[in-house]
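> In case you want the letters, here they are:
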Amino acid sequence: MNKYIKIAVYGCLIAASLGFVSCKKFLEEKPKSFLSPQNYYKNQSDALAALIGAYDGLGDNSSTFLARPLQYLTWYCSDEAYTTGAANEKQLNNYSFTADQTYILSTWKQMYDAINRDNIVIDRIPDIPMDDSIKQEYIGEAKFLRGLEYFYGVRLWGALPLMTKEVSSVDEAYVARSPVSDIYKLIISDLEFAAEHLPAKSQDGRASKGAALGILAKVYLTRASSEAADPGDYQKCADLCEEVISMPEHHLMADYQKVFGPPNEFNAESLFEWQGDRILSPLGEHSILGSFTMPKGIKLFPNQSASDGGIVCTVAYFDLYNADDYRRESTFVSEGVDFSGKHLTWQQFPTPFPAPCWKYVDRTATDRAAFEFCGNFIVLRLADVYLMRAEALNEIDGPGPEAYSMINAIRARARNRDGSSSSSYPGDLAGLTQDQFRDSVLHERAVELGFEGKRWFDLVRTKRLVQTIKAINPDYPVSDKNLLFPVPRQEMILNDQLTQNPGW
Amino acid sequence: MGKTTSYFQQVKIRVRGVVRDRAGNPVPGVTIVEKGTQNGTVSTNDGSYAIAVNGNAVLVFTVVGMIKQEVEVNNRQKIDVVLQGNAVQLNEVVAVGYGTQNKKDLTGAISSVGIKDIQNQPASNIETLLQGKAAGVYIQKSSGAPGGTLSIQVRGRSSVNAGTEPLYVIDGVPVYNSNEDPGGSSYGTYSGTNALVSLNPDDIASIEVLKDASATAIYGSRGSNGVIIITTKRGNKDGANIRYNGYYGWQKVANKLKLMNGTEQAEFFNDWAEANSLPQPFANPESIGKGTDWQDEIFRTAPMQNHQISISNGKGKTQYYFSANYFDQQGIVIDSKLKRYSVRANVDEDLNEKLHFSQSFTFSRTISNAVPIADAGSGNVRSAAERAYVASPIVPVYDSSGNYVDNWYNASKAESPVGSLKSITSDLVGDNLLGNISLNYNIVNGLTFKTLLGVNLSNRSLKEYYPQSTTYIGGVLNGLGTLSERKINNILNENTLRFTRLVNKVHHIEILGGFTWQTEDDDSWDALTDGYPDDRLGVSTPGSATGVPQVDASYSKWSLASWLGRINYQYKDKYLLTATFRADGSSKFGTGNKWGFFPSVAAGYRLSEEQFIKNINFFDDLKIRASYGLTGNQQIGTYKSLPQIINTVTYIFNNQLVSGSRQTNLGNSNLRWEKSGQWDAGVDASFLHNRIRLTVDYYQKVTHDLLFTINLPANSGYTQALYNTGTLSNKGFELDLNADIFNRDFKWNIDANYSNNRTKMVSLGLSGSTSLFVGFPPGAYLGYVYEGVFNNQKEIDDQTVQTGVKPGDARYLDVSGDGKLNADDRIVMGKPNPDYIFGINNSFSYKGISLSVFVQGVIGKQGKKIAAVFDPSEASSNKSIDLLNRWTPNNPGSNIPRAGFSDRLSPSTYDLISLSYVKIRNIQLGYNIPSKLIPRLGSVNVYVSGDNLFTFTKYTGYDPDGGSDYPTSSTVILGLNIQF
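Which chain is which? The protein sequence lines are A and B, in order.
One point on numbering: in the working numbering, the residue at position 14 of the first sequence is 8, and numbering is uninterrupted.
Every number in the working numbering is 4 more than the matching position in the second sequence, counting from 1.
Hint data in this document are derived by calculation from the structure and do not stem from the laboratory.
Please note that the accuracy of each hint is not assured.
Stated by the list, open to error - Interface residues of chain A toward chain B, partial, derived using beta-carbon atoms under 7 Å: (1) SER27; (2) LEU29; (3) GLY47; (4) LYS103; (5) TYR106; (6) VAL164; (7) ALA167; (8) ALA170; (9) HIS191; (10) LYS290; (11) GLU485; (12) MET486; (13) ASP490.
Said to hold, decoys possible - The calculated lysine-lysine pairs, modelled on DSS-like cross-linking and capped at a C-alpha distance of 30 Å, are: (14) B:LYS824 / A:LYS475; (15) B:LYS491 / A:LYS18; (16) B:LYS256 / B:LYS343; (17) B:LYS294 / A:LYS26; (18) A:LYS18 / B:LYS417; (19) B:LYS417 / B:LYS824; (20) A:LYS19 / B:LYS679; (21) A:LYS26 / B:LYS343; (22) B:LYS294 / B:LYS958.
In this text, a Cβ means the ideal position worked out from N, Cα and C, and glycines have one as well.
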């Protein structure tokens, strides 16, 4: 008997030792409740899912990046918008904000969240076995998104930590800012890659060749007046604009009003849009741009029960519009009926300002979700490209016939109204000096692209921000430091390699 | 000479046996010498020995603390010996990791709590009984609910984000008292049933708390929060023993809040409304009178009872202990209760001379009917305690037609406290099987092999329902219900080799080495839905509910593989040396850092063995000892080193919703142990013929590489990561004193302990934390300095710091002196840890009568007042009577702001309050009925025991010891122990 016990005991010992040999496997974690990179990025559907995740990084659930904080920064800090909202929004509006401002931090965070998602697609897809042309297209889309996001970043903050690879360990997070010129280099190479590999017409909502070329044109136009300017920038911008304008997939819509709103999304004029749709996705992808820009206390659609709103147009900006400009009535609710049925002008509104909601609501809808929460944010449309080409050509050698043809095409479309009736305003431009033409383009951009998130960038690019704000509100402490936003203080605390922008 | 030796060798025989003390416990380390020769051995940890001796030899059994005994062999081959103690404490055998040791030989800091220290006290779980019983062990009640959780810290908090609870080793199976409940609804308010409630306290024989690194390093990566070893009762050689013990008792809330009555609250409401430019709601407050005391409606006197029968026997080759237990505690909050049924079977058997079998198993079922113990969803569900002060005394419980009143002035998300508590369902049924089987094989003399297989299986299911008719959230969602279940399988295997030898009679060596592995599977699902058709059927009809069901499942697993070793060396019982080592491999950590190494070394010097100490003729025992070692902490969730991808992300392509994926967190392949380096110096002494026994320890514990949830620079794409960084230190002093003041017919024993511990953050490393402060303990926070109120307009006009304030508003200190009041004026405040804690037990006995008084205290801790009750600025709950003295135009000298004051800043020193307390934790009076009165029974003991009867404190909440969501209770029980 003892012999058997001995055998059993020694057997146990040996088994234990063998157990240790296989310890490596014993200690390996094999999660079953979630996916991990080890068992992911294996096939084309994984690649597409990761790409969809990258698109989602543009804005999610009405709260992130393009869907909210970026708009707060650029709308409130330009001469476009006043807010009746919370104190932390008003800080932006009256220029009392500091590097602690919450929306500056959230824009920074969400931009880098989005960039990291792009980097993951760009790093992971090359190793996935799949059709090479689809692979290049997916990578092109991710590079388009990354280029676009860095382009927002470089305009908001200037130099940035340049993250071009998926961050996979904590140590990789502590990165210093790269100079503006390096950021632009990456943006340009990303957008060039995208333009080369993206189709001229893609699924609605996905980046296309025209989008990549158009954003790239804006990159050159912006760089041309920046510290990283290159002598050929204006020419490159003008050439790229022409390339986009000549694409058969894109043309100006005949009726300005048909450019905007959920029923008209992804029209031929549109080059790229961030999408919100509460009907398709009641909990996920909805847009608040419509509900925030509506006039408080004014009834706009049949089953309206709530009185949303909070963002209004400044009187000064509203006054940039000629009363006869079709684009004014296409942008603003300047009169309306309150819930008791009384007709009011904007001066009589509970919040006595024009409400810039028409570009973001569905005029045909009858219920709240469809009316207020489905408006896309148009990142770029062809009218902008026309005006960029006009601006670039004027900067190269003054207003020539081609520059006039660009700006006058936009004015003619406005003049044409909805096609059934036409107006004499705005008339064609002619005989301007280079400076006058420059002012005219800026003005045209203001009324053509009002409340489309372009104004702050235009004012900064043309170095008009400080004088424009001061002219409206001499008390606001706006100065040259406001041509860039401060690097969020929390980020500076977490990463001691970051430096602050001058003046902050 | 050589010839003579060989002659004697021819008649040698092998003698084996077991050395035990009078209680039947094995005595290891007994020196057994053949009288008049050099031939000797030492008993092993299970008290057994084997020696080859002359057939007519005399064996001499010696061990410190016991009376030397000589036994003639007379050619017997098996000689079991019972040694008598000569000094009560010194022969005590204590459990250490993977074995036992004589207390006198310990080189580490270990506190023992014996059965007599914890008996006859009402408690559902063992941790409650440990409160105040051991130096360096700080226990707070998280909840006073039946089966509520406690927080235990051994020698302070040694982690920030990872767990701080000690490791429990129950009959050899390491377990964490982590929450094992299945998930509740997203309004989840019931979580936190104490997993150790499944362990019946009546089955426990002894508890050892391992505190310093020398003691805990053998548990390696799980040692840095201390280790609590629980040993259950076993059969012993005393023979058959049948016992009944039981008690029946009554509990009531230990302390009621002093709240306003109806008139007082109506006046407060009027003042508040006026301050907020609202019409005054109560024209005639006087007419309301006292109104309803909601505390009386919600709290009740609740019975509790416990019954246990045990049978044990130890004669012959088999020893066993069987028990069955029934525990039933009604809660002091209406509609809450806990029941436990448990059985235990512990068996030991000598299969043959070399092979010993041992097993311990307990199975228990706990049934808990809970009420909410946490606030959820900003008042969607309120804790039981909160209901008592949120409800307005102005309204009655029932209206004139007998329905519950569920609304009152300024009520927010109101429901009838009584109606909702009585109708909410939260039924948790938990089954737990915990135990082990082991084989011990004596390979050759002094060398034994042990293999052990342990299991800890838990299966819990939960039903939760909020009725539509009586609860706020149920009303919003037309009935809300959850069903969930969780199964946890934990399996352990240990294989150890132990070698003991006495060399040349003076070198006593014990070597232990082993390999062990443990793994745990955790599988759960839950289903939540709303829109139930009928409250009467409630959660039983999920299929007919109209809400969108949210069904979820989750699975996780961890594994731990370890090598361990220990060497004990003693020279002449005078010099003691212990070295331990453990290598732990854990699945929870990064691929490159799975393995961690945890060494410790300790030395002891028994001065009392030196002649110069003996000459003093004062000390019976005097030992100085010191230790240093590394221990770890791995109490983090599973899979934390891995990046995770979720696939619930959506976007829209071609006007269709498409699903995408995203990585939600940064993997950290370098994730590794939190490492604590701890040194300890201590003295053990006993003197005056062992009547006074003293242990003091001083220690410093520094935890590096904290498992920190750090804030990441956002340019990484992530905002947080689990990362090893930062340093936390604990240091402290501990004293245990045990004195037999009188020990004849009248006995008086004092058992006292004192400890202080200082915790502070030494470095925040890369954490980027804004809520932790170097030099302060975790839990300190930033707050404003409250300076009373502005008594009149002149005081307002005389300052410029605060603008827009009115008389009666709060004044705060402009700490930065910049003339403005803003976030820069906050200072670090709050003392989350006490300055010191103590426990003193006095026990007296005279013949059959015994009395014990246990006093326990926590001094120097600070907390916050209950905000809703003490904040005059808002009026959504009832208020403390302290606020009757609030500032009013007629009471301008007050230091409490006016009702509805508008400049409240929180937190501030206004909210700060002392949590110091001294409690008479337990008083027991017992009587042993003389056996001549009841001849057929062996012994009968009756007692009355009162728990948590008196508290001395300045705290204004329910109890400074905890229970802010479910108050603690005072309990009186009548008990009976019968031994046949």
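> Please go over all the hints and tell whether each is borne out by the structure.
How the hints compare with the structure:
Satisfaction of the interface hint for A:SER27 is found here, the shortest Cβ-Cβ separation to chain B being roughly 5 Å, below the 7 Å cut-off. Satisfaction of the interface hint for A:LEU29 is found here, the shortest Cβ-Cβ separation to chain B being roughly 4 Å, below the 7 Å cut-off. Taking 7 Å as the C-beta contact cut-off toward chain B, the hint placing A:GLY47 at the interface holds, the least distance being around 4 Å. Contact between A:LYS103 and chain B, as hinted, is supported at the beta carbon level, the nearest pair being about 4 Å apart and thus within 7 Å.
Evaluation of the A:TYR106 hint against chain B yields a held restraint, the C-beta minimum of about 5 Å falling below 7 Å. Checking A:VAL164 against chain B: minimum C-beta separation of about 5 Å stays under 7 Å; hint holds. With 7 Å as the threshold, the beta carbon of A:ALA167 comes within range of chain B, its nearest partner Cβ sitting at about 4 Å, so the hint holds. Below 7 Å, beta-carbon pairs count as interface contacts, and A:ALA170 has none with chain B, the closest being about 10 Å; its hint is therefore violated.
For the restraint placing A:HIS191 at the interface with chain B, the shortest Cβ-Cβ distance is roughly 18 Å, beyond the 7 Å limit, so the hint is violated. The beta carbon of A:LYS290 is not positioned within 7 Å of any beta carbon in chain B (closest approach about 23 Å), and the interface hint is therefore violated. With 7 Å as the threshold, the beta carbon of A:GLU485 comes within range of chain B, its nearest partner Cβ sitting at about 6 Å, so the hint holds. Annotation: A:MET486 was flagged as interfacial toward chain B, and the flag is violated, the nearest CB pair being 9 Å apart, outside 7 Å.
Interface hint status for A:ASP490: violated, as the beta-carbon distance to the closest one in chain B is roughly 10 Å, over 7 Å. Our distance criterion of 30 Å between C-alpha atoms is met by B:LYS824 and A:LYS475, whose separation comes to about 25 Å. Only pairs whose Cα atoms come within 30 Å are accepted, and B:LYS491 paired with A:LYS18 is accepted, the gap being roughly 26 Å. For the given pair, B:LYS256 sits about 18 Å from B:LYS343 by alpha-carbon distance, which is consistent with the 30 Å threshold.
For the hint linking B:LYS294 to A:LYS26, the alpha-carbon distance of about 59 Å lies beyond 30 Å, and the restraint is violated. Taking the CA atoms of A:LYS18 and B:LYS417, the gap is about 54 Å. The hint is violated against a cut of 30 Å. As the CA atoms of B:LYS417 and B:LYS824 are separated by approximately 37 Å, the hinted pair breaks the 30 Å bound. Straight-line distance between C-alpha atoms of A:LYS19 and B:LYS679 comes to about 25 Å, which keeps the hinted pair within the 30 Å bound.
With a CA separation close to 35 Å, the supplied pair A:LYS26 and B:LYS343 exceeds the 30 Å bound. Proposed proximity of B:LYS294 and B:LYS958 is supported: the alpha carbons are some 26 Å apart, at most 30 Å.
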